[in-house]
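From first to last, the protein sequence lines stand for chains V and W.
Okay, so the first sequence: first residue is 1 according to full-length UniProt numbering, each after it adds one.
Okay, so the second sequence: first residue is 1 according to full-length UniProt numbering, each after it adds one.
The hints are simulated quantities; they were obtained by calculation from the structure and are not laboratory data.
In this text, a Cβ means the ideal position worked out from N, Cα and C, and glycines have one as well.
Any given hint might turn out to be false.
Label pairs and their computed distance ranges (CB to CB) [to be verified]:
| # | chain 1 | residue 1 | chain 2 | residue 2 | range |
| --- | --- | --- | --- | --- | --- |
| 1 | V | SER46 | W | ASP124 | 26 to 36 Å |
| 2 | V | THR190 | W | MET128 | 40 to 50 Å |
| 3 | W | ASP185 | V | GLU239 | 37 to 47 Å |
| 4 | V | GLY47 | W | LYS8 | 25 to 35 Å |
| 5 | V | PHE17 | W | MET128 | 24 to 34 Å |
| 6 | W | ASP190 | V | ARG123 | 42 to 52 Å |
| 7 | V | GLN62 | W | THR121 | 19 to 29 Å |
| 8 | V | SER65 | W | SER183 | 28 to 38 Å |
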Amino acid sequence: MTAAMPVIEAKKLGLTFETGDGQVHALSNVDLTINTGEFVSFIGPSGCGKTTFLRVIADLEQPTSGTITVNGMTPQQAREQRAYGYVFQAAGLFPWRTIERNVALPLEIMGYSKQEIAERIGRTLDLVNLKGFEKKYPWQLSGGMQQRASIARALAFDADLLLMDEPFGALDEIVRDHLNEQLLKLWARTEKTIGFVTHSIPEAVYLSTKIVVMSPRPGRVTDVIESDLPRERPLDIRESPEFLAIAARVRDGLRAGHSYED
Amino acid sequence: MTDRLRDKIWPVTVILMGILAAWYVGSYSMNAPFQRDLDRRAGETPSFSEFVVKTMSQPKPTLPAPHQVAQNFFENTFLRKVTSSRSLVYHAGITLSSTLAGFAIGTVLGILIAVGIVHVTALDRSLMPWIITSQTIPILALAPMIIVVLAAVGITGLLPKALISTYLSFFPVAVGMVKGLRSPDVLHLDLMRTYNASRWETFWKLRLPASVPFLFASMKVAVAASLVGAIVGELPTGAIAGIGAKLLNGSYYSQTIDMFSALVAGSIVAALLVAAVGIVGKIVERNMGGRAA
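One chain only, chain V, in its complex shape:
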């Protein structure tokens, strides 16, 4: 577990969108390594390319320069081997499927047996504390519960890499705190590598072992902060001096990379 094998390795990665108004440099010269078992947060203002970077890892966007490997393969190969689970900003559950059928969706596509599907549904719903909601339809659940169901869906097929794109962005602070706590426990239990996009400084510092600070125009990495907080993190760690020191560094990084024109 301690062997730091790179899961993601990006070298001089660039992505330029051609739009009607000319080129948009979504990513420019991104060098980054993510090792097995790390919890890496990407933080930065809108347009800094944090979501784009996650989508490049997932082979949902194609880079225009540089190289990136996922588990030593191209993102496309990694996607074809179902190397990662992706959690989107919105839960994106299929409204015509019950919660358990939603969790079963990737398993059906990946050809698991009926028995295995049933067993995995039980296990993953347990993991996100949704036992007893198997037969409910998405609209019968609160936003936080829906997002937990979508995390269960991403965990169901046991990919070692979990990519999360502002999964709690639309939720209120109290629910968000609760889910952050649960996510940390889940990470400790499953020992997955997690890539997590957010624009909340406390969330990034609370969750991560590594914080990647990004800034826009062009989208680039301005700072990579290794957190020395212990892995066991109660919610009140957020008032500790160590926590505040890291948060201050993140804030400085964000400010340095961003010129606020007023």
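Please arrange chain W on chain V, whose structure you already have, making use of the hints.
Here is chain W on its own, set in the frame of chain V:
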């Protein structure tokens, strides 16, 4: 219950009364000249109220009064054997069978066309203009040609009529299903991509279920269009049975009351068909986890 009375039943009743009143006024004023003629020739001078009653009891009125139509409809629906050629149930049954056959073929054809359009770029570019053009040709001009051409190759009876229904009903289904199959959000499509799902799986597990509400909405339009197609199909065929044949016969012999009750029968069949599609749609949506409306 009183809410239902106030919100639904009362407004509908008011409109219905208004229509009936206008209908009676119209039937009086349209039948009056002929009645005046009759009375003058017979040398009668009826009072106004007698005259009004007379305008509404002619055997072949220009515009039959509602109660004449109602009486005719009642007699020909409930008092005759359903096998009798004077029974409206018999004629409605004939029309209904070709409506349903045409509707079934049209729905399947519409879905197939939509699937092709959504999945094959070449079809998307080439097929849509032709589909739209097909609907700009008046069905009345086309129907006799379809009947004649099919009769020439030996196909007669139910199928030619059904094909005219198909011609009208595939269009709303095709257009609705193209929209429905394209309705999934980018997020859902991205999700399927992260699972490395095949096109077939994406179609079967995402596009098709997402299109169901669109399918039923367009099937409601299609089933009504099918009925129109079946009736139109009966006009040029010299058909002796069906709502269309009944309408045509009525117009040959100036049986206006018969024509009107055939029209009523036609619209009742249409309402029942649309309602049936709606109920099936509700049941399907409930089984797909829709909120109870």
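Structure versus earlier hints, numbers of those that do not hold, lowest first
4 and 6
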